[in-house]
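Peer 1: Read off the chains here:
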Amino acid sequence: MQGLKSIPRSWQVSTLALAIIAGVPMSGIASESGIFIQRAQLDGKENRPVVTADIEYRFPNVALRALDEGIPLTFRVKLRIDRVRSWGWSETLVQDERTIQLRYQPLAKFFQVSDLGSGAALHYASLASVLDTLSHLRGWSIPQLPALTENEQREATLSFEFDVESLPLPLRLVAYLSPDWTMETPPYRWPLDP
Amino acid sequence: MATRSLRPPLTLSIILLFLAILGSLHLMSSATQDASALGEIYSTLVLTNALAGLLLLTLVGVNIYWLIRELRRKAAGSNLTSRMIFLFSLLTMAPAAIVFYYSMQFLDRSIDSWFDVNIDHAMEDALELGQTALDERMRNVSKELEQTAEKLATSPVSLMGVRLNELNELEDAELTLFTRQGHVISYSGAHTESFIPALPDINVMIQVRRGKPYVGLEGVGAGGLQIRAVAPIMGEDSLYLQAIYPIPRHLAQLTDTVESAYLHYKEMTFLRGSLKFTFSLTLSLILLLSLLAAVWSAFLSIRRIVEPVRLLAIGTRSIAAGDYEKRLPVKDRGELGFLVESFNTMTAKIAQSRDQAERSQRELQAQHAYLETLLASLSSAVLSLDARGTVLTANQAANTILHADFSQYLGWPLAVLTGAYPHIAELMNALSPHIDGDKQTWTQEVGLQGPGGRQELFCRGTTIEGVGNEGHGHVLVIDDVTALIQAQRNSAWSEVARRLAHEIKNPLTPIQLSAERLRHKLSKVLVEGDLEMLEKSTRTIVQQVEAMKSMVNAFAEYAKPTIVQLCPIAIRPLLDEIVALYPPSSGIAFEFSHQGDVPEILADPVKLRQVVHNLIKNAQEAMPQGHEGKVTLSTRRTEDAGTEQVEVRISDNGPGIPPEQSSRIFEPYVTTKSKGTGLGLAIVKRIIEEFGGKIRLDSHYHNGASFVIILPVAPDSQPKAP
Chain V
1 MQGLKSIPRS WQVSTLALAI IAGVPMSGIA SESGIFIQRA QLDGKENRPV
51 VTADIEYRFP NVALRALDEG IPLTFRVKLR IDRVRSWGWS ETLVQDERTI
101 QLRYQPLAKF FQVSDLGSGA ALHYASLASV LDTLSHLRGW SIPQLPALTE
151 NEQREATLSF EFDVESLPLP LRLVAYLSPD WTMETPPYRW PLDP
Chain Z
1 MATRSLRPPL TLSIILLFLA ILGSLHLMSS ATQDASALGE IYSTLVLTNA
51 LAGLLLLTLV GVNIYWLIRE LRRKAAGSNL TSRMIFLFSL LTMAPAAIVF
101 YYSMQFLDRS IDSWFDVNID HAMEDALELG QTALDERMRN VSKELEQTAE
151 KLATSPVSLM GVRLNELNEL EDAELTLFTR QGHVISYSGA HTESFIPALP
201 DINVMIQVRR GKPYVGLEGV GAGGLQIRAV APIMGEDSLY LQAIYPIPRH
251 LAQLTDTVES AYLHYKEMTF LRGSLKFTFS LTLSLILLLS LLAAVWSAFL
301 SIRRIVEPVR LLAIGTRSIA AGDYEKRLPV KDRGELGFLV ESFNTMTAKI
351 AQSRDQAERS QRELQAQHAY LETLLASLSS AVLSLDARGT VLTANQAANT
401 ILHADFSQYL GWPLAVLTGA YPHIAELMNA LSPHIDGDKQ TWTQEVGLQG
451 PGGRQELFCR GTTIEGVGNE GHGHVLVIDD VTALIQAQRN SAWSEVARRL
501 AHEIKNPLTP IQLSAERLRH KLSKVLVEGD LEMLEKSTRT IVQQVEAMKS
551 MVNAFAEYAK PTIVQLCPIA IRPLLDEIVA LYPPSSGIAF EFSHQGDVPE
601 ILADPVKLRQ VVHNLIKNAQ EAMPQGHEGK VTLSTRRTED AGTEQVEVRI
651 SDNGPGIPPE QSSRIFEPYV TTKSKGTGLG LAIVKRIIEE FGGKIRLDSH
701 YHNGASFVII LPVAPDSQPK AP
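Sequences listed follow chains V and Z, in order. Position 3 of the first sequence, counting from 1, maps to 3 under this note's numbering, and the rest follow consecutively. Position 439 of the second sequence, counting from 1, maps to 439 under this note's numbering, and the rest follow consecutively.
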């Protein structure tokens, strides 16, 4: 498992600022494209919890075209488990992130899915195979969770973010400003303690 | 003048801001380079520059708002500032817009020129060539694997492992013999120590189970390729042979190069529009920031340049409003700063001159006031005329002596004054030869018939330069010497009277005694005729001596100093008492014509009765035989130079005073009667003057004679009802 990485929140601010400057109505961005987490849960034993999730990918056409033209698409899958108190601020117990890159290799005519953290790569003959594999997130083991005290609950948050900054430089501003590139989805939250 | 060094128009802060913006723009521009490490912070740089643009836009907006406000309230220098800003912006934007337009055109065409249909086809062909080479390699691998599988099929299962090693001719190939269930029976390859062979996935196995060999490319690691081939062992339904061949190094390098170039070209093709957008945005940001920074610095610089002009405008307005103490701050040592310094020097000198002028004005006013006081205190009338005869100044004594209100005619031509006061025309006619002449100084005595009677005026004139606007002016000093001449005459007459009393009265008694003695001695000896003549002659001598004695006594009385006892007197009851002494049989009818209330006068009642009796008696004696005489007595309160007086007027309807005698009627021995000494009116005048009053003959009264007596009012006297 890769170490914790700081979240580049400045890009979120940058996105917002540029969108404001460009006059892009944020409320009008919502479209059918995006990455939607259908289900997520924490399985396994207490000393070895494992995250499983089902994800639906609806890439926008422009992203698919870019992928077809050899431009890799990078996603950040972020997991955070917070201790939710009835009073005060929440405390982050676990925070983990994986960076997944999807690219097309025209010579061999297959798609490559890489975990940039571990360097592991898988190859698929079709995009459908890729998405089918990526739709089932399995076996993401996380450290042991600390015990809860009374009046405490834990909440897990799983988010899937498209990394605009990994795009080629000329494409970044377009991706920030154009709603066609919007693949942000709201994070998926679920309580761990019923 | 000290030499002053020129200062750069921009302050250090502006320069630093420019450098910061320039640095940020340079970083952003560098970040657009393909291989630049700054690419990672490109978005930050764009955002930073956009925020800097917003900041500059706000600054420019604030400055424009400020300028509009200044223009609306017509502030000093705002018009010049707006013009300079407009001109500067125009000069900045025009070439920038041209450069921007052609840069965009060049950028657009340059990026378009990167792409060509032939290159596109070449890249496609190169990729296809690479794929063909790999396909050929895969076909060979597949063919070799099938041959190996056929050879293995002839061997018993127990010897297949040995046979597999013998058949593995390729050094880098990995051959794996496995069952339908995925159990590895035998493996032949380079990595025998710890390698667990990767078996084909389910899709491949489905195809192989149908009897169709499989061959395909697979990725290895992040970028490597290998060929996987799977074929069934003929005759052995449950055994399969898999071969994994790495791509030869040379072929792998070639295909990598082709694929990288192809991907790069495809990526560039895809990013064609984005590239234009990015470069355009970068160029636009650079241009926008440069223009905004230039306009903002123009505002600052022009405001600094115009500041002295603005201060000068404010200063001149203050000067126009009379504020000569205004001093402008010298913020610039340049030419405009020199102007401000000069302005300050000028205002200081103006203030000094103004102070000097004010001091001179005050001194002049003091001198003028002193002169006016002096002139007002003078008993002589002082008039000044300019060359055109305009009355410039006249003192109070002029009003009194010449019986005119000169204050109403200051600045008016003399003709207007003489039109209003004809008696002054007589004076000016008498003086005109001197006024029109060339003599610097002159004197002349003028007899004038004024409203208050005849006046003897002693006039002196001096020509002075520069009085009025042009030419020579004149200063006239006029003294009323009427009283002086009259006093001289009175004195002379008193001396005459005294001498008459002394020189004539003394021999009269011996003459009278001698005549009576002659008559007494000769009456006895003369005959009747002679005696009669003697009686007649001596009687005549005695009578004439008596007459002469009476005359001498009258003169003696006139010459004798009198003692008056002044006391407050109610004039109207006194007049009533006097008139009551004249019965209707006296031939005189009296009439009173009093006006308003009059205060008590200060006089000697006995002497005043003598005066009134004398005047009534004169009127009575002047009446012709058979003429019904009427004497009118009137009193009223008057004022002269702020002093309250009582005027008593005694008028008759007699023949009046001949004009030739009117001026000398109060002199001794001047009379209109056939008898009398002519001292009555002289005594009356002397008594009145001893009261502190005046008496004159009203020359405008034509129904007889009218004497006007002016008497002083008793102190603390209240007006008395008639």
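Bear in mind the hints are in silico, worked out from the structure with no lab data behind them. What you are looking at is a predicted structure, and each value in this text was computed from that prediction instead of being measured. In this text, a Cβ means the ideal position worked out from N, Cα and C, and glycines have one as well. Each hint should be verified, as a subset may be incorrect.
Listed below are the simulated DSSO-like cross-link pairs for lysine-lysine, each with C-alpha atoms no more than 30 angstroms apart in a straight line [what the hints assert, rightly or not]:
| # | chain 1 | residue 1 | chain 2 | residue 2 |
| --- | --- | --- | --- | --- |
| 1 | Z | Lys74 | Z | Lys439 |
| 2 | Z | Lys326 | Z | Lys74 |
| 3 | V | Lys109 | Z | Lys549 |
| 4 | Z | Lys331 | Z | Lys349 |
| 5 | Z | Lys549 | Z | Lys521 |
| 6 | V | Lys109 | Z | Lys326 |
Stretches of chain Z that chain V covers, calculated by requiring three or more beta carbons in the stretch to come under 8 angstroms of a beta carbon on chain V [what the hints assert, rightly or not]:
| # | region |
| --- | --- |
| 7 | 247-259 |
| 8 | 472-485 |
| 9 | 564-571 |
Peer 1: Evaluate each hint against the coordinates.
Peer 2: Consistency of the hints with the structure:
no. : hint                  : in the structure
1   : Lys74(Z) / Lys439(Z)  : violated (64 angstroms)
2   : Lys326(Z) / Lys74(Z)  : holds (20 angstroms)
3   : Lys109(V) / Lys549(Z) : violated (178 angstroms)
4   : Lys331(Z) / Lys349(Z) : holds (21 angstroms)
5   : Lys549(Z) / Lys521(Z) : holds (24 angstroms)
6   : Lys109(V) / Lys326(Z) : violated (88 angstroms)
7   : 247-259               : holds (count 3)
8   : 472-485               : violated (count 0)
9   : 564-571               : violated (count 0)
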